[in-house]
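Chemist: Below are the chains, spelled out letter by letter.
4 protein chains.
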Amino acid sequence: MSLFGDLISTVFERRYLSSLSGQSDKRPPQELAIDLLGNHGEVSGGTLATLILDRYAAMDIDQKRAFFEFMTHELEIDPEQVIATLEAYKEMPSKGSYLAFAAACEPRRQELARRLNQVPGATGQLVAMRKDLLGLLRDHPDLAPLDVDFKHLFSSWFNRGFLVLRPINWSSPAEILDKIIAYEAVHAIDSWDDLRRRLQPADRRCYGLFHPAMADEPLIFVEVALTRGVPNSVQVLLADGRDSITAQEADTAVFYSISNCQAGLAGISFGNSLIKQVVSDLSRDLPALSNFVTLSPIPGLNRWLDANAQAKPDTPEGEQAVAARYLLEAKRADGLPVDPVARFHLGNGAQVHAVHAGADISENGMAQSNGAMVNYLYDPSQITKNHEKFATEKTVVASSEVRALSALADNDS
Amino acid sequence: MSLFGDLISTVFERRYLSSLSGQSDKRPPQELAIDLLGNHGEVSGGTLATLILDRYAAMDIDQKRAFFEFMTHELEIDPEQVIATLEAYKEMPSKGSYLAFAAACEPRRQELARRLNQVPGATGQLVAMRKDLLGLLRDHPDLAPLDVDFKHLFSSWFNRGFLVLRPINWSSPAEILDKIIAYEAVHAIDSWDDLRRRLQPADRRCYGLFHPAMADEPLIFVEVALTRGVPNSVQVLLADGRDSITAQEADTAVFYSISNCQAGLAGISFGNSLIKQVVSDLSRDLPALSNFVTLSPIPGLNRWLDANAQAKPDTPEGEQAVAARYLLEAKRADGLPVDPVARFHLGNGAQVHAVHAGADISENGMAQSNGAMVNYLYDPSQITKNHEKFATEKTVVASSEVRALSALADNDS
Amino acid sequence: MSLFGDLISTVFERRYLSSLSGQSDKRPPQELAIDLLGNHGEVSGGTLATLILDRYAAMDIDQKRAFFEFMTHELEIDPEQVIATLEAYKEMPSKGSYLAFAAACEPRRQELARRLNQVPGATGQLVAMRKDLLGLLRDHPDLAPLDVDFKHLFSSWFNRGFLVLRPINWSSPAEILDKIIAYEAVHAIDSWDDLRRRLQPADRRCYGLFHPAMADEPLIFVEVALTRGVPNSVQVLLADGRDSITAQEADTAVFYSISNCQAGLAGISFGNSLIKQVVSDLSRDLPALSNFVTLSPIPGLNRWLDANAQAKPDTPEGEQAVAARYLLEAKRADGLPVDPVARFHLGNGAQVHAVHAGADISENGMAQSNGAMVNYLYDPSQITKNHEKFATEKTVVASSEVRALSALADNDS
Amino acid sequence: MSLFGDLISTVFERRYLSSLSGQSDKRPPQELAIDLLGNHGEVSGGTLATLILDRYAAMDIDQKRAFFEFMTHELEIDPEQVIATLEAYKEMPSKGSYLAFAAACEPRRQELARRLNQVPGATGQLVAMRKDLLGLLRDHPDLAPLDVDFKHLFSSWFNRGFLVLRPINWSSPAEILDKIIAYEAVHAIDSWDDLRRRLQPADRRCYGLFHPAMADEPLIFVEVALTRGVPNSVQVLLADGRDSITAQEADTAVFYSISNCQAGLAGISFGNSLIKQVVSDLSRDLPALSNFVTLSPIPGLNRWLDANAQAKPDTPEGEQAVAARYLLEAKRADGLPVDPVARFHLGNGAQVHAVHAGADISENGMAQSNGAMVNYLYDPSQITKNHEKFATEKTVVASSEVRALSALADNDS
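Protein chains in written order, with full-length UniProt numbering: chain A, 1 to 413; chain B, 1 to 413; chain C, 1 to 413; chain D, 1 to 413.
With the rest of the complex left out, here is chain A (with noise of 0.2 Å):
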């Protein structure tokens, strides 16, 4: 009877209250919205989310985006009554008054996405509708400040505290690992055989973070290989018909690809707490292990070679100098680094470790950087100092090695 269990069962429950609220009740969803958000909803509240729900999964998309005008003009605040209760506020600080403030800046829309959110299942199809809202903004600027508000309450429901890191591996449900496959965003995986080499070798590990809501969907996930010494090709760490090595043989672990799962939670970072707590966990297991890197892209390299009308190196060493310039000198004009992973895994405090040409060789890697990657050093003595330096100083801190890299590319240009 494991919590678990619990919250698979109401999945079951959640299909249950479906077939009993489909058919009765035709009103628009608007006015089932309305009615939810009034006092009657306490009763029957269940009966009108699942409803909305149900009614929202069969929308195209041009009812969603009706959906979203009415979600982000008619449940929006009133300038006066913010104003007005700011006043009151001010004049006389009190419970009252400070509830009536808070009342008036929240626009209505966010109490609806909180009651619709009271059936099983309903996190994952607000995340979904976010996902359907996110695919229309463009367009339809006016919905923004929806967007906004969606993106507020995830802030507060996939809290760190809520979340859970939780192994996947060969003895996973199917249901998990069929997300696997389908969200790796890095090194595609081509079938079950493919992704059984992912897993189920002595010296492969996965982890995902998961909320206790959308317990069979990962919202991140990092797939690690142990290894012996820091490697330098993709294709050798993923290659058919290597031979693995058992985990305490391991003194290396490899950040090799990290997925984001869900669209609808985009801008919500957990990449950090992510590669945190699978260093602590894997410090803990296996003692032996001394160095945590990741093999990762470069996937700004070619584009800004191209910006910058700079002919591509023909040789390794040429592609490991002009990768290394790149990481350690293209910078926006925020002066922090134009390639998006960079920036990522400086500011959670790695260092540029190493570059290595013929990475991988892949048509996406070709395509992107001609095949460099790069290993950032997570070394937990020096992450916080990392850290410190490139969030105030924008101070890109890399190994002596990739220094040099770099400073042979600036004589060669």
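The hints are simulated quantities; they were obtained by calculation from the structure and are not laboratory data. One or more of the hints may lead you astray.
Repeated chains share a single entry, so a pair holds when one copy, or any two copies, can fit it.
[Claimed, not checked] The list that follows gives simulated cross-link-like pairs (lysine to aspartate or glutamate, EDC-like), each with its CA atoms no further than 20 Å apart:
#, residue 1, residue 2
1, LYS95, GLU69
2, LYS394, ASP379
3, LYS179, ASP193
4, LYS179, GLU217
5, LYS95, GLU74
6, LYS90, GLU80
7, LYS385, ASP25
Using the hints provided, position chains B, C and D relative to the given structure of chain A.
Modeler: Just chains B, C and D, lined up with the frame of chain A:
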């Protein structure tokens, strides 16, 4: 490898973080809080949050009050900022202008609570923090806005969709049963043997609502007796040495005790959900059940008699008549029943089914209602209708028998 | 902290013991076995057992045969001892004399197997050991007594009361699903997508029997289709792209594939228990189910036609008639049906319900029965009666339709 | 959907079978048993087994004795059959002849027990049946062969490889904790609060061995105190209100109480396995632990002093000397120590480490050993060597300190 197990293991992680952080950083918690709210919090957030929560736990009541004053007044909204951003948003609604307005409206203490909540176990500590705050509110009403923010956050975090209903029985962990003994608020549990009599017999059930981040703490629980016929006395229901029946023999489920467990969640209602879901679960498991009733105290009866200078009746019939009249006619200024338990069940869509004299002859039962108790009936086919009538017209639906008893009392008085 | 988790963790312990013991002790396994049977085994038994099992696993087939010869002939009973202790027991029945007799009758290889079984994972390895032995028996019939002892032990260890029925579905661990693909013996599963079609739709079920000491290995499993009406073809049942129905809509449960998984447990029957318990579970969960039937192959039909020099029929009707006649009339010398699948289901109390031509047009289906299949019906009210008739009078109970078809074939021939 | 949950659910199935079968079949249980042993048992075996077990449970002691007489004498071997099949096997060893011999040697009561064991919950009932039998043996020694068969079966069923070590703590189900209170045999547990003191503090542990078919019944359990230094008194160890330490601070694990739980499993030893595995688990979790000792009673000391007409010493030193001499020198006719606890631990490879006067001043402790207790030391590096010496030469290994104390006593006497 259950989710539950994973949750438990994170508690150990927390203890480990605690042991690391406690000694080193001597800054006052207010300063640590400001640091946690800053950008650096991203990397070292877990350590800072742990440190602040540990410091808080060791504070005396004056230090706590000082910390609450800091949260209330130092992490307060800036009214001018609210007005400026509101004007900008009105002028030109956009993602940026709405984001600025939303940020200005939300005091930073809310973000502080969310950042504290990133470490395992924090949720329970924040709930305990609000409990402390509630104790201080009467003498320090200026702290009320902080309480409003806590309640707002908790309403979001303890959204119905995140809660899990779990049976509590003699197979439950002792650490959860400990809480049942501690939190039973209606009919005190004296000992483990007394608890066993409430949980182990085939005709007893208990259910609690849990939040995944506080997995060993029920939020609210209900004790249920399965009986033949509607019982008229709690003594009979809880009699030591009584004969139990099998669950299949029962035609009635009696909710004889509902206890809220978390003082820090005051004002966030779970009872309605709990009863609805337990009715639904019991119906599915035991199709022979045809009545769902409470056996409830009448906490305001004697107080009302005293306030109206009425003599306490000296016959069972008189007792019944007076109780019926109280439940049907004693109203507050707003037209709702004086009795809080009546308001709760009637608001949920129940109806007054029967009243009984001498039904709770404990010291407490005699003091509050001269021993009288009441059955509220949850009739699935009437719940919505009852609720509507009560919500819109404040009508108290009652059985003809209770109405007749009440009329009797009217004639007598 | 589930029992399951504990079982898993013991597997790690086992690996740890393995890593300790493997290198040091170079004695031949026969000598280690004698040591394990001695008194010293009590303290160092776990190490010895691990060592012997690891040595065994690394043996080639000749070494295995030699080890089996050792077990058969060196750890054999001593007939004189049997007679002497039997005489003493007859003379003076007592605890001591019976103990001596019982010890003399049981060859020491049985105790060896029990002592090997003290380490985690050993049970599965002993089952695999018998699989090896069964492969050698034909050419080495002198090993038969060892097989008798293995089977005797396994009958005790795999006693029905120790087995657990578990649903197998898309939430099951991939490592168990792996086994389903590997062990499906009736209608091969080609791929994970094929497996998904068997497990994931709402109108499909699968159940396996498991032993707690082999928690990730099903012993036997059955695949079930929930249908409206009794199906007459496996192609329709397993059609890619078919529409599924909800479980609640089904009136019939079809057991269309039953597979034994462990060659080393040959001769120990689980099928009867499995079907009975699945019928019982499905009845409880889905009260609308009124038919429990199989859709079974007729593996001996073509062989029988050939043996009787009968032409294969060339119309569906002819096919049905011939199949009916075969099932009802083709008997072995002992009076039981020639067809092994028929013997299994009829022995369990099922009856022949309907025969279908063109029902399995796979290569295998055509080869064995020209495409014909049969529904056996499990009618709870008739099972005991059918079984009695079959067990005492060898009567094959069949529907009037099948009896009529068979009569048709009789007339034709 | 854990294995554990599945096990639990089968218990409900059992109750359901019980309710079905109880009323109808009025035949005497002996007749039912013969029926169960027949061929018909295959289909209706579950019903018959349930019926027999339920009938047995309702018997008075005379009826039980009669049922045991039936099993002993009616389901006995046939000596002529044994001899005939033995001759045939000797003549022509084959599968058939060995099978016949094995069948002849095994009394049918063993098969009866196996067939009874096919229903959920039966294993525990069969263990309880043997408990009844053991109570009758003294007055009915003719039943001894039945006991030999029970013990033989249980040795196979409760093979070490089938048992699971589980921690027992304040998160364990109350129904298991109930058993700990009931079964604690060394230092009685008075109440749930007393139990909490044994389980909840950070420096206490408890572990039990469980069989999957009796998942809520420990077979044996050990209580462990984590301490700094080796303790010399159980009063100090169990003092109410003592200060606990963290597990990480401890250098010593003290096994201060080991209790067998199932009288019906008498003679089947689990203690050795339990201690070994707990030592292994604790070592892994708490690397700072360097001593593994017991704090054990000396149950035979006073009896031995009396038998040897020796005065009880009146100083602590004298007490220690006498206890040391008893442990080292008091031997049975077979050369093994008189003291049963000493035989157990020394046989496991422990050594006598220290003796303490006034270490258990409870009534029981004073009565059996005048308050003296002993630490046996489990030194992983010496266990095999100690065991060998004890097993082959009956040498009691002791610390020099204990040897010196014993010599002192020798000189005194």
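Chemist: All the hints need checking, so say for each whether the structure fits it.
Modeler: Hint check results:
1. Taking identical chains as interchangeable, the C-alpha atoms of LYS95 and GLU69 lie at most 20 Å apart only when they sit on different chains, with a minimum of 15 Å there against 33 Å within one chain.
2. Taking identical chains as interchangeable, the C-alpha atoms of LYS394 and ASP379 lie at most 20 Å apart only when both belong to the same chain, with a minimum of 18 Å there against 57 Å between chains.
3. In this assembly of identical chains, the alpha carbons of LYS179 and ASP193 lie at most 20 Å apart whether taken from the same copy (15 Å) or from different copies (14 Å).
4. Taking the shortest alpha-carbon separations for LYS179 and GLU217, only the intra-copy value of 7 Å comes in at or below 20 Å, while the best inter-copy value is 25 Å.
5. In this homomeric assembly, LYS95 and GLU74 come within 20 Å of each other (Cα to Cα) only across copies, at 17 Å, whereas the closest approach inside a single copy is 28 Å.
6. Taking identical chains as interchangeable, the C-alpha atoms of LYS90 and GLU80 lie at most 20 Å apart whether they share a chain (15 Å) or sit on different chains (11 Å).
7. For the identical chains of this complex, LYS385 and ASP25 are inter-copy neighbours only, at 16 Å across copies versus 60 Å inside a copy, given an alpha-carbon limit of 20 Å.
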